[in-house]
Amino acid sequence: MAEDSKSDRVKFVYNAQFPSSTAVVLDYLINNDVFTSRQGRQRAMDAISAFYRPLAEEERGEMSEEQVQAVAGVCVEQLVKQIDNLCDRYQLSNPITGRPASAAISGDRLESILESGFQTIADVIRGSGLSMDSPLPSSPNLEQGVVMDGTELGEFEDLDLRSPDAL
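First residue of the sequence shown? That's 2 in our numbering, and the numbers climb one at a time after it.
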């Protein structure tokens with residue numbers, strides 16, 4: 002705000018013409034069925050503030066460095082939340098966390114992943130000398146197990162079941 006200003010208010014008027022992206026965004030914010038035009042204007046101001054407020058506060062010079070850092074932290078949280086929302090909604094990889102936005106995989110993508118996996122398994126089998134028709138190597142018979150005579154666990158008669166340390 003200019004120092005010779007007669008008002009403590011800032012008036013912001015912006016005209017955008019279709020088909021510009023700014024006009025599309027402003028129209029969405031003002032003419033939305035989910036929230037009122039007043040809420041839409043507030044969302045626009047929140048977005049601008051999240052992006053520029055720390056820089057504006059620093060330039061203004063009325064906050065300490067720690068206060069500006071605190072404001073910047075809040076703004077970063079808001080921006081990260083918006084990035085997360087956009088990545089989740091539009092199934093984009095999150096550039097901040099590096100994680101995929103959604104666990105949902107399209108049918109074509111799943112088919113491609115499975116085909117690649119099965120091809121890798123087939124390559125490994127071919128490289129091991131086994132053929133797809135050869136029997137699997139025999140494994141030990143687990144039914145044989147270990148012969149037990151019942152004394153391995155001790156005698157129940159030796160336990161005082163009233164004692165909490167008995168078991």
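Worth flagging that the hints you see were computed from the coordinates, not collected in a lab. The reader is advised that the hints may include incorrect statements.
Stated by the list, open to error - Using C-beta positions, here's what the derived DEER-type ranges look like:
1. Gly99 with Arg44: 27 to 35 Å
2. Thr98 with Lys12: 35 to 43 Å
3. Thr98 with Gln18: 34 to 42 Å
4. Arg44 with Gln18: 15 to 23 Å
5. Asn32 with Glu66: 38 to 46 Å
6. Phe52 with Gly128: 32 to 40 Å
7. Leu115 with Ser38: 43 to 51 Å
8. Phe119 with Asp47: 45 to 53 Å
9. Arg42 with Gly99: 18 to 26 Å
10. Asn32 with Lys12: 20 to 28 Å
11. Glu116 with Gln43: 48 to 56 Å
12. Gly128 with Tyr29: 51 to 59 Å
Only a predicted model underlies this, so the values are computations on that prediction, with no experimental measurement involved. Where is the CB? At the ideal position from N, CA and C, for every residue including glycine.
The hints, checked one at a time:
1. Gly99 with Arg44: 27 to 35 Å: holds (28 Å)
2. Thr98 with Lys12: 35 to 43 Å: holds (40 Å)
3. Thr98 with Gln18: 34 to 42 Å: holds (38 Å)
4. Arg44 with Gln18: 15 to 23 Å: holds (21 Å)
5. Asn32 with Glu66: 38 to 46 Å: holds (42 Å)
6. Phe52 with Gly128: 32 to 40 Å: This hint is violated: roughly 54 Å between Cβ atoms.
7. Leu115 with Ser38: 43 to 51 Å: holds (49 Å)
8. Phe119 with Asp47: 45 to 53 Å: holds (49 Å)
9. Arg42 with Gly99: 18 to 26 Å: Cβ of Arg42 to Cβ of Gly99: about 35 Å, so the range 18 to 26 Å is violated.
10. Asn32 with Lys12: 20 to 28 Å: About 22 Å separates the Cβ atoms of Asn32 and Lys12, which means 20 to 28 Å holds.
11. Glu116 with Gln43: 48 to 56 Å: With a Cβ separation near 49 Å, Glu116 and Gln43 satisfy 48 to 56 Å, so the hint holds.
12. Gly128 with Tyr29: 51 to 59 Å: The hint (51 to 59 Å, Cβ to Cβ) holds, given that Gly128 and Tyr29 are roughly 56 Å apart.
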